[in-house]
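> With chain Y fixed as given, assemble chain G onto it according to the hints.
Residue strings, one per chain:
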Amino acid sequence: METLARKLIAGAAGHAAVATGDVVVCDVDLAMIHDSGGPRRVKPMLERLGRNVWDKDRVVVVSDHYVPADTDETRAIQELTRQWVQDENIANFYDQQGICHVVLPERGHLAPGMFCVGGDSHSPTGGAFGAYMFGIGATEMAGVLTTGSIWLRVPETILIEWDNQLGSYVTAKDMMLAVCGRIGMGGGRYQAIQYAGAAIRDLSMQDRMTLSNMAAELGAQAGLIAPDEVTAAYVTDAGGTLPDDWRDYRIEIADDPADHLLFDAAALSPQIAAPHSPANAADAGEFGDTGFNVAYIGACTGAKYVDLAAAASVLKGRRIASGVTLMVAPASRQDQDRAARDGVMKILEDAGAQFLPNSCGICAGYGEDRLAGDDICLSSTARNFKGRMGAPGSRVYLASPYTVAASAVAGRMRDPRDVMGG
Amino acid sequence: MPRLWRFDETIDTDVLAPGKYMKSPLAELATHCLEAVRPDFAASVGSGDVILGAPNFGVGSSREQAAEVLKHLGISAVVAPSFAGIFYRNAINLGLPVFTLSDDFYHHPGLSDGAGLTFDFDMATLTLTALGEALPLEPLPVFLRDMILDGGLIPHLEKRFQAGMEETSMEEKGA
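Line by line, the protein sequences give chains Y and G.
Numbering-wise, my numbering comes out as the position in the first sequence, counting from 1, plus 9.
Numbering-wise, my numbering comes out as the position in the second sequence, counting from 1, plus 9.
The shape of chain Y in the complex, shown without the other chains:
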């Protein structure tokens, strides 16, 4: 039976249909690279091969990892990125405008039916738009940039179905932490996840992006959501082009893939994942006495406009507890501008937040802003591996922006409903 994953792969491979396990070569509609795994890595490989990019209009470059460039080494990386983009005559270049996974769709580059690769593990984010998108390393990217194609073993499909409606202060991040807690970081087995159900349809595009993004945390290759009117409106507003057949990219629950996981959104509580894995998730209420000193609202799954607005809804008229540092790194310039226009940034500032640039920031652990050895951080990011965000001794707990904000007010980890009386 055809799943959305197989329909998208078959289209890119030029076949009427493909079967699980087939190895196929797919034409790539779009390749996204960033400043870390991008030009500085692929330039020498392309030079060795004596090739330029196969189609400059299908390449998008985003500088987001070494931002701010505050050392000689990182400034050199940024300069190399700019020079390479100029040499290759690539128009789609976003220099310090935000995190690639958020910038790519907000600038209209994604649409249903596309087959895309990204030089970053959170590239499954594109699946939220009904596109098949997955992350690859720099050498494989050099192969794509020179040939315009990539091989793929058609993966098995997992259906993750969320019935009913989420309660107040429960978000897409809580949904994903709960799934990580149930099936573990290897539970996706490099499969294609398809998300469906009433609770998925209720989500905004930015919330859906969190679900697709964190398919990476399950070890899946892709995380697909069928396009609907919400998708169509987002793509159109972003200046993208909807294909005529966008309604044909459907996920049928009746397709009944071998793995079908059912979750009840109405029964879900806010989640917190303990160090050092997203799979260590449990109800936030179980962490009530855990203290922490850094609250971080950042990254592609934790600081988009919807995430900033969620934090602000908790922090409005409140201040963070003494002993807690709240840092906010809005995921993109556009999202920050929107949050500034409607007062969200002011609320965060009045609550005591400090702002960091629109970049991967502490989540990637690449820059000078890092956690120290004894820091305990409650973070709205997606990944809490040992030492990823700073010193090996630092400890990172993951939660939604609501939970991070409410806990920052309480000075202890809290279920946001307990703080808000919801």
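What the hints contain is simulated information worked out from the structure, not anything from laboratory work.
From the three backbone atoms N, C-alpha and C, an ideal C-beta is built for every residue, glycine too.
Accuracy of the hints is not assured; some may be wrong.
As the list claims (entries may be wrong) - For the chain G half of the interface with chain Y, some residues (derived, Cβ under 7 Å), not all of them:
1. 21
2. 28
3. 65
4. 70
5. 103
6. 162
For chain G alone, coordinates are given in the frame of chain Y:
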């Protein structure tokens, strides 16, 4: 003599190639490989050594330096019950042999940390020095095996481009 490095915890990309040193040249990055879980690893690993990892080895980031540092340090193969998808592709693209093994062999008592052994790519075996026993690994698909033999994707593509083969044909995938 080559030895086995056995890791019973999940090894992610961020402990293989820590973010703090990602801006540094590969040789420097490699000195920090696995330091968060095994501080002596980078300084004592020897050419030909083999890593045996827990399931889902290489989970996390797409940074291929996670595989590249292991090759740089002389690791001849990484063996695990399962690999994270991106790490697996990266390793092959860089010419680092990665093999899965069955659960039975994963729990083989001879595969202890520090055990002397030799790895045979052509035969896809690990031979335990103390027991003289050759443990079979699961063979790679032919086209992935060929890519490793070429030294990875870039030399593989170089060969193809020089031969005037622009398109990758399905037949050649041999799958």
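> Have a go at the residue 28/G hint: is there a Cβ in chain Y nearer than 7 Å to its own Cβ?
holds, 3 Å
> Double-check residue 21/G for me: the hint is only fine if its C-beta lies closer than 7 Å to a C-beta in chain Y.
holds, 5 Å
> Take the shortest C-beta to C-beta distance between residue 70/G and chain Y; is it under 7 Å?
holds, 5 Å
> So, as I understand it, the hint says residue 65/G touches chain Y; can you test that by seeing if any CB pair is closer than 7 Å?
Since chain Y brings a Cβ to about 4 Å from residue 65/G, closer than 7 Å, the hint holds.
> Are residue 162/G and chain Y close enough, Cβ to Cβ, to be under 7 Å, as the hint says?
Holds. Min distance 5 Å.
> How about residue 103/G: closest beta carbon in chain Y under 7 Å, or not?
holds, 6 Å
When the structure is compared with the earlier hints, no violation turns up for any of them.
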